[in-house]
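J.: Those protein sequences? They're chains A and B, same order as listed.
Under my numbering, read the first sequence as residues 1 to 293, first letter to last.
Under my numbering, read the second sequence as residues 1 to 295, first letter to last.
A portion of the hints provided could be inaccurate.
As the list claims (entries may be wrong) - The following label-pair restraints were derived from C-beta to C-beta distances:
| no. | chain 1 | residue 1 | chain 2 | residue 2 | range |
| --- | --- | --- | --- | --- | --- |
| 1 | B | TRP37 | A | ILE272 | 51 to 59 Å |
| 2 | A | GLU133 | B | GLU78 | 29 to 37 Å |
| 3 | B | GLN38 | A | ARG27 | 51 to 59 Å |
| 4 | B | GLU78 | A | LEU149 | 52 to 60 Å |
| 5 | B | HIS131 | A | SER184 | 20 to 28 Å |
| 6 | A | GLU133 | B | ASN26 | 29 to 37 Å |
| 7 | A | PRO113 | B | GLU102 | 26 to 34 Å |
| 8 | A | LEU25 | B | SER155 | 21 to 29 Å |
| 9 | B | ASN26 | A | SER270 | 56 to 64 Å |
Claimed, not checked - No more than 20 Å apart at the CA atoms, straight line, and that leaves these computed lysine to aspartate or glutamate pairs for EDC-like:
| no. | chain 1 | residue 1 | chain 2 | residue 2 |
| --- | --- | --- | --- | --- |
| 10 | A | LYS195 | B | ASP124 |
| 11 | A | LYS195 | B | GLU113 |
| 12 | A | LYS122 | B | GLU75 |
| 13 | A | LYS195 | B | GLU75 |
Because the hints were derived from the structure by calculation, they are not lab data.
In this text, a Cβ means the ideal position worked out from N, Cα and C, and glycines have one as well.
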Amino acid sequence: MAETETVAADHQRNPTGFQVFVVRLRRNLRTTTPYFAVLGIVLWLVVWWLLCEVLKAPRFEKMPGPVMVLKELLSPEPFLGISIFTEEFYQHVYVSCRRIFFAFCIATGLGVPLGLLMGWSKRFREYTFPILETLRPIPILAWVPLAILMFRGFEGPVIFLATLASLYVTTLNTLLGVDSIDESYFRAAGCLGSKPHHVFLHVVIPGALPFIFTGLQISVGVAWFSLVAAEMVSGDYGLGYLIIDAYMNNVTIPMVIGMVTLGFVGWGTSVIVRVVGSRMMQWRTRALALENR
Amino acid sequence: MDQNPEPENPQSADHAAGRGHIEFKNVSKGYGEEWDWQDVVLDLSMDVEPGKLTAVVGPSGCGKSTLVNLVAGFEMPEKGAILLNGNRITGPSHDRIVVFQETALMPWQTTYENIIFGPKIRGDMDKQELHEEAIRLLDKVGLRDFRDKYPLQLSGGMQRRAELARAIVNDPEVLIMDEPFRGLDAMTRELMQEFFLRLFEEHRRTNLFVTSEIEEAIMLADKLIILSNRPTRVRQIIDIELPRPRDFHMLATEEAYRYKSTALEILHEEAMKTFKTERNTQSDFVEAFSRRNQN
Ligand SMILES: Nc1ncnc2c1ncn2[C@@H]1O[C@H](COP(=O)(O)OP(=O)(O)OP(=O)(O)O)[C@@H](O)[C@H]1O
Ligand SMILES: [Mg+2]
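Turn these sequences into a full structure, and let the hints guide you.
T.: Below, the structure written as C-alpha cells:
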C-alpha cells in the first residue's frame, strides 16, 4: 500500500528540464520536421553549388562555391590562412563571442529593469519614453564616429555599439511585456492584499517574462548585426573584421567562411537564449509540451 | 432576515463566516468622456445580506461586472457608497475576494503557490498552519494530485476549483463571484454548481453571485436580484425559498418552475427594452437568451 503511494507520488512529480528535453527530442525525431530541416539545408547547398560551380551563372562567377569553401574550411593547411585547424579562426570566433557576451549582458542588465519600470510606473514612462523613441531611429552606424571618440581601443566602441542596438530591443519588448499582462492578474493580486512591491515581484516580472525572452532572442540577433558592422569599421579581430579584411585583400573564400561561421554562431546564441527562457518559464514550457508543440 | 450582526472591525483576522454585509446606497457609475458619457449603473440600491447567497442576474452588458468591480474596490462609484458592515469600501482588500469571470490564477505559479499566495504575502498566517490549510483545501477541491501543476495544465473545471480554494483560504467575509462557471461545458458546469452549493451550505459565507443563467441562480440563491437594462437598477427581488440542502432535483419542482417563469418574464421584458433602445444589435442576443433559458 505504502509502495503504491510513493509510486503515484513519483508519477505526479514534475519532470526535470532535461527529462522534458529528452522526451521532446524523441518525439521530434519521430516527426518529419528535423528531416525536412536537413533536407532544406542540403537543397540550399546544392543550389549554391549549381549556381557557382557548375553553371557559373552571371554575378555568381566571382563567388566561391560550397565545395571550395568546405575544402578550405576543413583543410589542415589552408591555402588562404583560415580553416578550423588554424588558431586564428578560433581567435576571431572567440573575440566576437566575447564582445557579444558583454554587450548582451549589459543590454539585458539595463534594458530589462528599465523596461519593467517603464511598464510599471506611468510617471517614469512619461519621462523616458520620448528619449527612447528619439534615440531608437538613429542607425547604429551613425554612432560609429562618436563611439570611436568616446572609447579608446577596439573593444570599447564595438561593445558600445552592439550594446546600444540590443538595449532598445530589450527595453521595448520588456515594456510591451508589462503592457500585455492581463488586468485581471493585477486585480487578483490586489484582492489578495498585495503591496506594490508584491505586485512588481509576483505579477509584473513573471507576466512580462515571455515577451522579455522573445525580445532577448531578437536582441542577440541585433547585437550580432551591429557588432559585425562595428568590427568592419573598427577592429583588429572578430568575424566582422575577418570578412572585411578578406574583402580588402581580394580573397573571397575567407569572407564566405566568416559569413557561414557567423550564421552558425549566431544561431547557437539564440538557441541558448531560448533554452534559458524555457527553463525560466516552466509554467509555459509544460503547457506547450502538453499541446504537443 | 434576522437581526444584523454588530458591524465589526473588518480587519480582525478570525472573522466567523457569514458576517459580511454589503449595502449599495444609491450607487451610480458610468463610463466615457463628457461627450459620450454613458451611465451604466444609476442610483442603484441593494443589500447583500450576511450568510446568504445573493444571485444577481441581468441582460448581458447591463453592468454586472461593473457592480463586481465596485464591490471589490477596483473602481469607485461616482455617486453613492458601498458599505461593508457599515464601513465605506475604498479599495480592494482580502475581506472581499473575487472569483473572476475568466480565470485569474497566476499562470506562473503552481496550484499550491496560487492557493497560498494571499496569506503568504500578507504574512498573517503561521507558515505551518497555512501549509496544512492549503493541503486541506486542495483535498477538498479534489486537486491534491495537481498541487504542483501549473494552471495551464489544469482543465477548466479544475481551474475554477483552484480559484475557489485560493479565495477561501483567505477566509473572506464576502465571496464575490462573477459568472464563475461561464465557459465550462454543461456537464462540468453542473458538477461545479453542486460542488459550490455544498461549499456554500457548509459555511454560509456571504456570497454575491453574478450569473446570466436563471437556473443556476435559482438553484443556488437565497435571494435573486434581477437587474434592469442599462442604466442599471434593481428591477425585482425574489426570495428563493427552496429548502436547503439543495440539489439538482429541486429545479424540477413546481416551486422552482414558478420562480423561473416569473424571472424569465421580467428578464425578457428588460431585454426587449434594450432591444428597442439599441436597435437591432441586440436582437440576436435576446432571442438566444430566451431560447437558452426556456428549454
Ligand atoms: N472600463 C470601461 N470603460 C468603458 N466602458 C465600460 C468599462 N467597463 C464596462 N463598460 C461598459 O459598461 C457596460 C457594462 O459592462 P459590464 O462588463 O459590467 O457588463 P456585464 O453585465 O458584466 O456583461 P457580460 O454579461 O458581458 O459579462 C458595457 O456596456 C461596457 O461597454
Ligand atoms: Mg461580466
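J.: Look at each hint and say if it fits the structure.
T.: Hints and how they fare:
1. B:TRP37 - A:ILE272: 51 to 59 Å: holds (54 Å)
2. A:GLU133 - B:GLU78: 29 to 37 Å: This hint holds: roughly 36 Å between Cβ atoms.
3. B:GLN38 - A:ARG27: 51 to 59 Å: Holds: the Cβ-Cβ distance is about 52 Å, inside 51 to 59 Å.
4. B:GLU78 - A:LEU149: 52 to 60 Å: With Cβ atoms ~58 Å apart, the hint holds.
5. B:HIS131 - A:SER184: 20 to 28 Å: holds (27 Å)
6. A:GLU133 - B:ASN26: 29 to 37 Å: violated (46 Å)
7. A:PRO113 - B:GLU102: 26 to 34 Å: Distance hint for A:PRO113, B:GLU102 holds at roughly 30 Å.
8. A:LEU25 - B:SER155: 21 to 29 Å: holds (28 Å)
9. B:ASN26 - A:SER270: 56 to 64 Å: holds (59 Å)
10. A:LYS195 - B:ASP124: The given pair, whose Cα atoms are some 14 Å apart, holds under the 20 Å limit.
11. A:LYS195 - B:GLU113: holds (18 Å)
12. A:LYS122 - B:GLU75: holds (18 Å)
13. A:LYS195 - B:GLU75: Given that 20 Å is the threshold and the Cα spacing comes to 17 Å, the pair holds.
Of the numbered hints stated above, the single one contradicted by the structure is hint 6.
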